[in-house]
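Fit chain B to the given chain A structure using the hints.
Each chain is listed here by its residues.
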Amino acid sequence: MKKLTIPLLATLTVLALTSGAALAGSEDVVVENAWARASIGVSRPGAAYMTIRNTGDEGVTLTGISTPIAMMPEIHETTTNAEGVSSMAPAGEITIAPGEAAELAPGGLHAMLMRLQEPMAKGDSFPLTLSFSDGGDVTVEVPILGIAARGPDG
Amino acid sequence: MRRRTALGYGTAALGAMGLTLFVGWWRVDGPGAPDPEGRLPLPLTEMDFRLTDHEGQPVGPETLVGRPTMVFFGFTFCPDVCPTTLSDISGWLDALGEDAGQMNVVFITVDPDRDTVEAIAEYVGYFHPAIRGWTGAQDQIARAVEGFRASYERVPTDGGDYTMNHTASVFLFDAAGRFITMIDYHEPREFAVPKIRRALEEETEEAT
Chain A
1 MKKLTIPLLA
11 TLTVLALTSG
21 AALAGSEDVV
31 VENAWARASI
41 GVSRPGAAYM
51 TIRNTGDEGV
61 TLTGISTPIA
71 MMPEIHETTT
81 NAEGVSSMAP
91 AGEITIAPGE
101 AAELAPGGLH
111 AMLMRLQEPM
121 AKGDSFPLTL
131 SFSDGGDVTV
141 EVPILGIAAR
151 GPDG
Chain B
155 MRRRTALGYG
165 TAALGAMGLT
175 LFVGWWRVDG
185 PGAPDPEGRL
195 PLPLTEMDFR
205 LTDHEGQPVG
215 PETLVGRPTM
225 VFFGFTFCPD
235 VCPTTLSDIS
245 GWLDALGEDA
255 GQMNVVFITV
265 DPDRDTVEAI
275 AEYVGYFHPA
285 IRGWTGAQDQ
295 IARAVEGFRA
305 SYERVPTDGG
315 DYTMNHTASV
325 FLFDAAGRFI
335 TMIDYHEPRE
345 FAVPKIRRAL
355 EEETEEAT
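Just so you know, the protein sequences line up as chains A and B, in that order.
The C-terminal residue of the first sequence carries number 154 in the numbering used here, and the numbering is unbroken.
The C-terminal residue of the second sequence carries number 362 in the numbering used here, and the numbering is unbroken.
Isolated chain A (complex conformation) (with noise of 0.2 Å):
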């Protein structure tokens, strides 16, 4: 057992100290209240939410995500206009500045997984990886709500 337990301790460390010392900001992003809807079969794309908070005192930059469970996952936004015409594009870069949030929820910023690999099944979750311009990832497990779930308590 001890055995064990120091060589993982050891990586653990190191792991700690490469990351703090190549990264600038992703280490400060804290990724709250992920969830998804259940998709029927895999030819619709999914769509995943979240609110991702910045605690640290420097902007930082979003600049891709990606999952096991899609090959094309990117970040869209939804606007409507003023006749109530939604439309949805790829949102680009997002930057949040310290102590702000980016919330991605319905009807606005959302994970758009498209190609997916694998049906999005109510009760399973998948993990999600968010890319930094500073060349951190964040990763967080997102459980997977009912198709008709309208936020992360269903």
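Some chain A residues close to chain B (C-beta under 8 Å, calculated; not the full set):
| # | residue |
| --- | --- |
| 1 | R37 |
| 2 | I40 |
| 3 | I147 |
| 4 | A148 |
Source of the hints: derived by calculation from the structure; they are not laboratory data.
In this text, a Cβ means the ideal position worked out from N, Cα and C, and glycines have one as well.
Relative to the frame of chain A, chain B by itself:
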């Protein structure tokens, strides 16, 4: 001669002024006026389109007359707005309780190429049981959208796919098929539910 020229110029100027005024009237108030923004949907009784519901039954605007109606447009490949609208509506219907059973609630697809009867049947099955899905031929969908004064557009996306821009509001009609009001996309429940009650009450007034 000089006088005549002056008179001629005067007449021409007046004529030009008159023409300008006429053109102005024509374009602003006259028959040449653009449709004012927010044109109201036609009464259901004046619409004309043939579609198929998710159970394969032929349907049209006349199917809806006789009960208060809630109609909205969308497509099942829509990952954000449409499931949100469908779950909002499911929540409103839950809030209405038994009254929900007296309403027509219809989701009309703007993407009939992908939304076959089977596809739309599976999709509406995940939401409130009162919600029905309608699909059909492209030209009939276009006529329905025009009747509701809504709009939609196919937009290509990266990788050869496409998405649909579409009106995300929910349209409310009374039992006689008259347009009552609209519920905006993502309108809070405390505003939406009273609007639906208004459509339901119009029916009561009609009946008494």
